[in-house]
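**Q** Chains A and B supply the protein sequences, listed in that same order.
Residues in the first sequence are numbered consecutively from 235, following the working numbering.
Residues in the second sequence are numbered consecutively from 11, following the working numbering.
Think of the hints as simulated: they come from the structure by calculation, not from any bench.
Using N, Cα and C, we set each Cβ at its ideal position, and we do this for glycine too.
One thing to keep in mind: the hints can contain errors.
Said to hold, decoys possible - Computed beta-carbon distance windows for the label pairs:
(1) A:Gly295 to B:His30: 38 to 48 Å
(2) B:Ser58 to A:Ser392: 30 to 40 Å
(3) A:His245 to B:Ser58: 30 to 40 Å
(4) A:Ala409 to B:Pro286: 17 to 27 Å
What the hints assert, rightly or not - Using 30 Å as the maximum straight-line C-alpha spacing, the simulated DSBU-like pairs for lysine-lysine come out as follows:
(5) A:Lys255 to B:Lys283
(6) B:Lys141 to B:Lys125
(7) B:Lys98 to B:Lys164
(8) B:Lys123 to B:Lys135
(9) B:Lys218 to B:Lys263
(10) A:Lys255 to B:Lys261
(11) B:Lys266 to B:Lys204
(12) A:Lys255 to B:Lys218
(13) B:Lys128 to B:Lys107
Stated by the list, open to error - Just a few of them, taken from the derived set where beta-carbon distance is under 7 Å, the chain A residues facing chain B:
(14) Ser266
(15) Trp269
(16) Trp270
(17) Phe277
(18) Phe380
(19) Ala394
(20) Gln398
(21) Gln403
(22) Phe420
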Amino acid sequence: MEVTQNLSLLHLILQASVPVKFVLGILLAASSMSWWHIFLKLFALKRAMADTESFEKEFWGGAELNVLFQRVSENREEAGEIERIFEAGFREFLKLRRQAGASVNVIMDGTRRAMRAAFQREMDGLESHLSFLATVGSVSPYVGLFGTVWGIMLAFQSLASVAQATLAQVAPGIAEALIATAMGLFAAIPAVVAYNRYTHDIDRLSIRMESFMEEFSNILQRQATKPA
Amino acid sequence: MNYALPREDVTAGLLAAAVHGFFVLLLVFGLSWQIHDPQPIMAELWQSMPEPSRPAPIPSPQPTPAPQPQFRPQPVPENKAADIALEKKKQQEERKKTEALALEERRKEKLLKQKLAKEEERKRKEELQSKEEARRLELELQHEAAQLEAERVKREQEKKHAELKRREDLQREEEELQQRMLDESLAREASQIKAKAAADQRASEVSKIVAQYKDMISAKVRGNTRLPDNLAGNPEAEFEVSVLPTGEITKVKLTKGSGNAGYDQAVQRGIEKSTPLPLPTDKSAAAEFRNLLLKHKARE
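Isolated chain A, as found in the complex (with noise of 0.2 Å):
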């Protein structure tokens, strides 16, 4: 019985109209992007957060910069974001204050635009395809309901044929093109909550990173005010 059923369903889909179909693999397509960004944004996160921790412990726990430096720069692949930027700002600043006759203002100005730019360029990975899910979680119900009407349109014009209406004669039509509705808020629902929670999540690691790199450069500038 099972298998007549699933067949059925399926017969249902294969069926559908070209447009209806159509739209049942754009959100198909849509959907297991979304879902596929949703878990690499989710694993890209959780890794950056324990990054994050990681990284401010040893920093504050009292390492050495030089040491934490070499560490860094020797293993950049696998440095996660603040790692980043502080071995960013750390060069730059090690650069300028080679340089003779380079003032305080000059080696801090300098080494806060470095770590602006490495910030900047870890926060577009970050918040990259978040966009993707935004897009999904607002167009896709729309794209469903229009094969959803499309898919009734085609249901009541066969039946414009027929001398006598039957419930029977549209309900597969109208069944078929509800799945498109069911389809697009399947895809826009997990998406709409996934960008939701990861801009928020994504919020708190640059509110993190920009208070680090403030205490990173109140450290620097003690630094180059120290005689060499």
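Following the hints, put chain B in place on chain A, whose structure we already have.
**A** Quick look at chain B alone, frame taken from chain A:
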């Protein structure tokens, strides 16, 4: 930029696929659970409807016989008194006459010599005559009175007769009315019985047509069914087919499988291919095919 590690790419892809698989399962099974009747409804197909138990005929009201007024003609009271009086007087008269005759003879003998007595006798005779006349007058009067009385009685009797007749007429009318009502109810009953007989006849005709078309449908489905090659035995499957008045099939549902899924599906496809089904032009017969329960055997 390490937005994603290569390992994570694959994991995320697999997870996304898993989510979609879950969604498809939900859709399929959720829908099929909705569609599924937990227990298929079985119905027996009857070629002809069983005779509906006919309601007992309402007993026609028995006309209660109107009480026959027992009319006994009262004996006419005879005018006896007058007659008796008359007879008495007659007897008296006769007696007196004979007495007078005897007296006369005696007196003749006696008063042949007595002229005075003769005179006296004459006087008495006259007296007697006058008396007799008076008596006759009285008698006549009495007779008249008796006649009057008789007339009165007769009139009374006539009146009674008229009354009786009137009552009889009334009763007859009533009886006629009842008879007419009875006739009418009988006629109505007869027409009902006739209508019922006609309906029965029509039902049998319809069932004949239905059977004929069922055979035609079975034959058509059989022609369109491609049986699986390795079919063993003679499995029988039962389908519920929703048919439009035009003969188009809107839904085919398996209600009782034969146990051989391949055969069931083959027959279902055969039924679907048989659209439009041949339907009788007769409307009441066609109505039987709206929701058709089709039993299909592999071989006849």
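**Q** All the hints need checking, so say for each whether the structure fits it.
**A** We went through each hint and held it up to the structure:
1. Under the hint 38 to 48 Å, the C-beta atoms of Gly295 (chain A) and His30 (chain B), about 45 Å apart, fit the expected range.
2. Taken as a hint, the range 30 to 40 Å holds for the pair Ser58 (chain B) and Ser392 (chain A), whose Cβ atoms sit roughly 38 Å apart.
3. About 38 Å separates the C-beta atoms of His245 (chain A) and Ser58 (chain B), a value consistent with the hinted range of 30 to 40 Å.
4. At about 23 Å, the beta-carbon gap between Ala409 (chain A) and Pro286 (chain B) stays in the expected band of 17 to 27 Å.
5. Straight-line distance between C-alpha atoms of Lys255 (chain A) and Lys283 (chain B) comes to about 25 Å, which keeps the hinted pair within the 30 Å bound.
6. Restraint check for Lys141 (chain B) and Lys125 (chain B): satisfied, since their Cα atoms lie roughly 24 Å apart, inside the 30 Å limit.
7. At most 30 Å may separate the alpha-carbon atoms for a hinted pair to count; Lys98 (chain B) and Lys164 (chain B) meet this at roughly 27 Å.
8. For the suggested pair Lys123 (chain B) and Lys135 (chain B), the alpha carbons sit about 19 Å apart, so the restraint of at most 30 Å is met.
9. In summary, the hint linking Lys218 (chain B) to Lys263 (chain B) is supported, as the alpha carbons are separated by about 26 Å, within the 30 Å threshold.
10. Using a Cα cut-off of 30 Å, the hinted pair Lys255 (chain A) and Lys261 (chain B) holds, with the two alpha carbons roughly 23 Å apart.
11. Using a Cα cut-off of 30 Å, the hinted pair Lys266 (chain B) and Lys204 (chain B) is violated, with the two alpha carbons roughly 42 Å apart.
12. Restraint check: the Cα-Cα separation between Lys255 (chain A) and Lys218 (chain B) comes to about 47 Å, which exceeds 30 Å; the hinted pair is violated.
13. Among the hinted pairs, Lys128 (chain B) with Lys107 (chain B) is consistent with the structure: their alpha-carbon atoms are about 18 Å apart, no more than 30 Å.
14. At about 5 Å, the closest approach between the beta carbon of Ser266 (chain A) and any beta carbon in chain B falls short of 7 Å, and the interface hint on this residue holds.
15. With its C-beta approaching chain B no nearer than about 4 Å, Trp269 (chain A) sits inside the 7 Å limit, and its interface hint holds.
16. For Trp270 (chain A), the interface hint holds, the least distance from its beta-carbon to any beta-carbon of chain B being 4 Å, beneath 7 Å.
17. Because the closest C-beta pair between Phe277 (chain A) and chain B is about 5 Å apart, less than 7 Å, the hint holds.
18. The beta carbon of Phe380 (chain A) comes no nearer than 19 Å to any beta carbon in chain B, farther than 7 Å, and the hint placing it at the interface is violated.
19. Below 7 Å, beta-carbon pairs count as interface contacts, and Ala394 (chain A) has none with chain B, the closest being about 14 Å; its hint is therefore violated.
20. Taking 7 Å as the C-beta cut-off, the interface hint given for Gln398 (chain A) holds, the closest approach to chain B being about 5 Å.
21. The beta carbon of Gln403 (chain A) is positioned within 7 Å of a beta carbon in chain B (closest approach about 6 Å), and the interface hint is therefore held.
22. Nearest Cβ of chain B to the Cβ of Phe420 (chain A): about 6 Å, under the 7 Å cut. The hint holds.
Checked against the numbered hints listed earlier, the structure breaks hints 11, 12, 18 and 19; every other hint is satisfied.
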